[in-house]
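Going line by line, the protein sequences match chains A and B. The first sequence begins at 4 in my numbering and counts up one residue at a time. The second sequence begins at 374 in my numbering and counts up one residue at a time.
What the hints contain is simulated information worked out from the structure, not anything from laboratory work. None of the values given here were measured: they were computed from a predicted structure. The reader is advised that the hints may include incorrect statements.
As the list claims (entries may be wrong) - DMTMM-like mimics (lysine to aspartate or glutamate), calculated; alpha carbons at most 25 Å apart, straight line: (1) A:Lys105 to B:Asp468; (2) A:Lys73 to A:Asp55; (3) A:Lys19 to A:Asp55; (4) A:Lys75 to A:Glu18; (5) A:Lys6 to B:Glu452; (6) A:Lys6 to A:Glu88; (7) B:Lys384 to A:Glu47; (8) A:Lys59 to B:Glu474; (9) A:Lys105 to A:Asp25; (10) A:Lys73 to A:Glu60; (11) A:Lys58 to B:Asp468; (12) B:Lys430 to A:Asp32; (13) A:Lys75 to A:Asp32; (14) A:Lys6 to B:Glu445; (15) A:Lys73 to B:Glu474; (16) A:Lys6 to B:Glu429.
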Amino acid sequence: AQKVTQTQTSISVMEKTTVTMDCVYETRDSSYFLFWYKQTASGEIVFLIRQDSYKKENATEGHYSLNFQKPKSSIGLIITATQIEDSAVYFCAMREWGNTNKVVFGTGTRLQVLP
Amino acid sequence: EAAVTQSPRNKVAVTGGKVTLSCNQTNNHNNMYWYRQDTGHGLRLIHYSYGAGSTEKGDIPDGYKASRPSQENFSLILELATPSQTSVYFCASGDAHRGDEQYFGPGTRLTVL
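Between the sequences and the hints, there should be enough to build the whole structure, so can you do that?
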């Protein structure tokens with residue numbers, strides 16, 4: 004069964020620094036998709052970035068990038084030049100290609116960016 | 374313009390009552406999902422759908438039913454609401470052909486007294 008684990012429950016960083024949030028996953032499928040989502044204080048959940056397992060290049064999107072380490076079943080989210088507005092809860096998620104259309108989420112990491 | 378909308382946004386129900394949560398999407402996505410979010414559990418999948426007429430059980434389907442009468446609409450039904458179903462419920466849509474990155478509605482806060 005697929006599983007996603009985020010062990011960091013909370014992180015605090017200073018504004019304009021770089022932060023990495025960890026995520027490890029379990030799957031028996033050779034093809035899968037990995038996602039990161041952001042939940043703001045208002046409760047809104049927004050898709051940020053995605054990594055397809057067959058792609059060797061790390062995905063990037065604005066000041067978000069991924070550190071995909073397939074042999075370690077790890078997909079870290081890197082935020083560079085953090086801003087106060089990046090303070091939120093970040094969820095990692097995975098969908099296996101061939102099994103079902105089910106997506107499994109981690110429990111989230113709360114990021115606080117300090118001025 | 375919001376592509377996934379939910380109604381109601383807030384609901385107070387009595388134990389044993391019937392509750393229907395509605396979701397509408399204008400993304401033209403095949404897949405739709407219902408999650409609940411509780412502190413310490415993240416997002417847990419209740420039901421999902423591949424398209425009109427289909428519903429599938431997620432990880433925590435007990436006590437919930439779902440209905441997908443059209444591509445745009447997906448409902449979550451609590452036939453006999455219980456206090457343990459007090460939670461925030463999110464609907465989402467996704468395109469399976471594009472990896473199924475999901476687009477979420479604003480959430481419904483349900484309180485069962």
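We went through each hint and held it up to the structure:
For a cut-off of 25 Å, the pair hint linking Lys105 of chain A to Asp468 of chain B stands: about 12 Å separates their Cα positions. Distance restraint check for Lys73 of chain A and Asp55 of chain A: the Cα-Cα separation of roughly 11 Å lies within the 25 Å cut-off, and the hinted pair is therefore satisfied. Under the criterion of a C-alpha separation no larger than 25 Å, the hint pairing Lys19 of chain A with Asp55 of chain A is inconsistent with the structure, at around 29 Å. Only pairs whose Cα atoms come within 25 Å are accepted, and Lys75 of chain A paired with Glu18 of chain A is rejected, the gap being roughly 30 Å.
Under the criterion of a C-alpha separation no larger than 25 Å, the hint pairing Lys6 of chain A with Glu452 of chain B is inconsistent with the structure, at around 30 Å. At most 25 Å may separate the alpha-carbon atoms for a hinted pair to count; Lys6 of chain A and Glu88 of chain A exceed this at roughly 29 Å. Taking the CA atoms of Lys384 of chain B and Glu47 of chain A, the gap is near 18 Å; set against the 25 Å cutoff, the hint holds. The hinted pair formed by Lys59 of chain A and Glu474 of chain B meets the criterion: a straight-line CA distance of about 19 Å does not exceed 25 Å.
Restraint check: the Cα-Cα separation between Lys105 of chain A and Asp25 of chain A comes to about 22 Å, which is no more than 25 Å; the hinted pair holds. A threshold of 25 Å between alpha carbons decides the hint, and for Lys73 of chain A with Glu60 of chain A the separation of about 11 Å falls inside it, so the pair holds. A distance of roughly 19 Å separates the Cα atoms of Lys58 of chain A and Asp468 of chain B; the hinted pair therefore holds under the 25 Å criterion. Restraint check: the Cα-Cα separation between Lys430 of chain B and Asp32 of chain A comes to about 21 Å, which is no more than 25 Å; the hinted pair holds.
At most 25 Å may separate the alpha-carbon atoms for a hinted pair to count; Lys75 of chain A and Asp32 of chain A meet this at roughly 15 Å. Simply put, Lys6 of chain A and Glu445 of chain B have alpha-carbon atoms about 29 Å apart, too far for the 25 Å limit, and the pair is violated. Restraint check for Lys73 of chain A and Glu474 of chain B: the C-alpha separation of about 20 Å stays at or below 25 Å, so the hint holds. Among the hinted pairs, Lys6 of chain A with Glu429 of chain B is consistent with the structure: their alpha-carbon atoms are about 19 Å apart, no more than 25 Å.
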